[in-house]
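Chemist: The listed protein sequences correspond, in order, to chains A and B.
FYI, our numbering numbers position 75 of the first sequence as 75, with every residue one higher than the one before it.
FYI, our numbering numbers position 61 of the second sequence as 61, with every residue one higher than the one before it.
These are calculated hints, taken from the structure and not from any lab test.
Keep in mind that the hints are not guaranteed to be accurate.
Stated by the list, open to error - Residues of chain B clear of chain A, computed beta-carbon distances all greater than 10 Å:
#: 1; residue: Asp71
#: 2; residue: Ala83
#: 3; residue: Asp98
Stated by the list, open to error - Chain A stretches covered by chain B per the calculated footprint, using a threshold of three residues with CB under 8 Å from any CB of chain B:
#: 4; region: 4–17
#: 5; region: 20–33
#: 6; region: 36–48
#: 7; region: 51–61
Stated by the list, open to error - Pairs of lysine-lysine, DSSO-like flavour, derived with a Cα cap of 27 Å:
#: 8; chain 1: B; residue 1: Lys13; chain 2: B; residue 2: Lys162
#: 9; chain 1: A; residue 1: Lys27; chain 2: B; residue 2: Lys62
#: 10; chain 1: B; residue 1: Lys45; chain 2: B; residue 2: Lys159
#: 11; chain 1: B; residue 1: Lys4; chain 2: B; residue 2: Lys62
#: 12; chain 1: B; residue 1: Lys62; chain 2: A; residue 2: Lys29
#: 13; chain 1: A; residue 1: Lys29; chain 2: B; residue 2: Lys159
#: 14; chain 1: B; residue 1: Lys4; chain 2: A; residue 2: Lys29
#: 15; chain 1: A; residue 1: Lys77; chain 2: B; residue 2: Lys162
#: 16; chain 1: B; residue 1: Lys13; chain 2: B; residue 2: Lys62
#: 17; chain 1: A; residue 1: Lys77; chain 2: B; residue 2: Lys4
#: 18; chain 1: A; residue 1: Lys77; chain 2: A; residue 2: Lys29
#: 19; chain 1: A; residue 1: Lys77; chain 2: A; residue 2: Lys27
Predicted model, so just to flag it, every value in this text is computed and none were measured.
Where a beta carbon is used, it is the ideal one built from N, C-alpha and C, also for glycine.
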Amino acid sequence: MGLIQRVIEAAGIATISITLSRGISRKVKPPRSVYTGFPLGHPLAFPHQRFRQLQLMRLLLGYAETLDTPGQIVVHKLSRDSDPDADCVLCSALDLRP
Amino acid sequence: MDAKTLIDQWLAKLFTRFPALFRRWVRTHRFVEFDDVPWTAFQGKAAHSRVALITTGGVHLKSDAPFNMRDPAGDPTFREIPADVTAGAWTITHNYYDHSDADQDINVVFPIDRLRELAESGEIGTMNRRHFSFMGHILPPHIHTLLHTTAPQVARLLKQDKVDLVILTPA
Chain A
1 MGLIQRVIEA AGIATISITL SRGISRKVKP PRSVYTGFPL GHPLAFPHQR
51 FRQLQLMRLL LGYAETLDTP GQIVVHKLSR DSDPDADCVL CSALDLRP
Chain B
1 MDAKTLIDQW LAKLFTRFPA LFRRWVRTHR FVEFDDVPWT AFQGKAAHSR
51 VALITTGGVH LKSDAPFNMR DPAGDPTFRE IPADVTAGAW TITHNYYDHS
101 DADQDINVVF PIDRLRELAE SGEIGTMNRR HFSFMGHILP PHIHTLLHTT
151 APQVARLLKQ DKVDLVILTP A
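Generate the whole structure from the sequences, applying the supplied hints.
Modeler: Below is the structure:
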């Protein structure tokens, strides 16, 4: 995904991404990325967690406005924040509940 | 279902359940590496911006051709997703991550409903009329096609739409 992000940014459009792997992002170097600690297949948390999904989107918009260092990978883990609709089997299995 | 699909899907579930295995795989896998970072300053505020989504989660309309899962090097093509598409009109073709949760709620990998809500609440200026999806398992020789053909095509379409900010979500 970082490859696509680089192309879009180079074309003159600002971009920000969620990364699921800081290891990959350190190699590919997308312009702006945020690591939130969720597992593969879950960049926007878990099914029907509208609160958490909106929280993540607002986080991305906020960082898009403020990041000014090319290639910065922001670590902003949300997995232990209180979340009123954090209720799914996989959350529990991965110990992602508060 | 053939043996390759079964193995790919089993590995995907394993990496999801055990992130340490995924991190080990990343350490031993070769990726395209860059020294430079492209940069376009984000002008203004999100509340006044046109925003588009790009996912590499293999999302596509059911009426579109699925991504090619037969090629072990992946599929560098993309699919366009209209902003006004109705819920249930899409599906996911991607054997390299466990999308059982995303199948229940597309916003897990492609937050289109959340972006629409942010537009309605005025937290972004407007949602672009279309968004784009790739299948994020692309190896040589298709990386060249991605970098020099299909990703630039998407960039041109987003420029035509006068998009200010693109949010990219992996899978």
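Chemist: Each of the hints needs a verdict: does it hold here or not?
Modeler: Evaluated hints:
1. With a least beta-carbon separation of about 17 Å from chain A, Asp71 (chain B) lies farther than 10 Å from that chain, consistent with its non-interface assignment.
2. The claim that Ala83 (chain B) is not at the interface with chain A holds, since no C-beta of that chain comes within 10 Å of its own (minimum 15 Å).
3. Residue-level check failed: Asp98 (chain B) sits 5 Å from the nearest beta carbon of chain A, not beyond 10 Å.
4. With a cut-off of 8 Å between beta carbons, the region 4–17 of chain A has 14 residues touching chain B; three or more are needed, and the interface restraint holds.
5. Beta-carbon proximity to chain B at under 8 Å applies to 9 residues in the region 20–33 of chain A; the threshold of 3 is reached and the given coverage holds.
6. For the region 36–48 of chain A, the stated coverage by chain B is satisfied: 10 residues place a CB nearer than 8 Å to a CB of that chain, which reaches the threshold of 3.
7. Remark: the region 51–61 of chain A is confirmed as covered by chain B, as 7 of its residues place a Cβ nearer than 8 Å to a Cβ of that chain, reaching the required three.
8. At most 27 Å may separate the alpha-carbon atoms for a hinted pair to count; Lys13 (chain B) and Lys162 (chain B) exceed this at roughly 39 Å.
9. Between the alpha carbons of Lys27 (chain A) and Lys62 (chain B) the distance comes to roughly 34 Å, so the proposed pair goes past 27 Å and is violated.
10. Restraint check for Lys45 (chain B) and Lys159 (chain B): satisfied, since their Cα atoms lie roughly 18 Å apart, inside the 27 Å limit.
11. Distance check on the hinted pair: Lys4 (chain B) and Lys62 (chain B) sit about 23 Å apart at the alpha-carbon level, within 27 Å; holds.
12. Note on Lys62 (chain B) and Lys29 (chain A): the hinted pairing is violated, with a Cα-Cα distance of about 33 Å set against a maximum of 27 Å.
13. Pair hint Lys29 (chain A) plus Lys159 (chain B) holds up; C-alpha atoms about 22 Å apart against a cutoff of 27 Å.
14. Distance restraint check for Lys4 (chain B) and Lys29 (chain A): the Cα-Cα separation of roughly 31 Å exceeds the 27 Å cut-off, and the hinted pair is therefore not satisfied.
15. Annotation: proposed proximity of Lys77 (chain A) to Lys162 (chain B) is violated, straight-line Cα distance about 32 Å (limit 27 Å).
16. The straight-line distance between the Cα atoms of Lys13 (chain B) and Lys62 (chain B) is roughly 24 Å, inside the 27 Å bound, and the hint therefore holds.
17. At most 27 Å may separate the alpha-carbon atoms for a hinted pair to count; Lys77 (chain A) and Lys4 (chain B) exceed this at roughly 34 Å.
18. Under the criterion of a C-alpha separation no larger than 27 Å, the hint pairing Lys77 (chain A) with Lys29 (chain A) is consistent with the structure, at around 20 Å.
19. Taken as a hint, the Lys77 (chain A) and Lys27 (chain A) pair is honoured in the structure, with Cα atoms around 21 Å apart against an allowance of 27 Å.
Checked against the numbered hints listed earlier, the structure breaks hints 3, 8, 9, 12, 14, 15 and 17; every other hint is satisfied.
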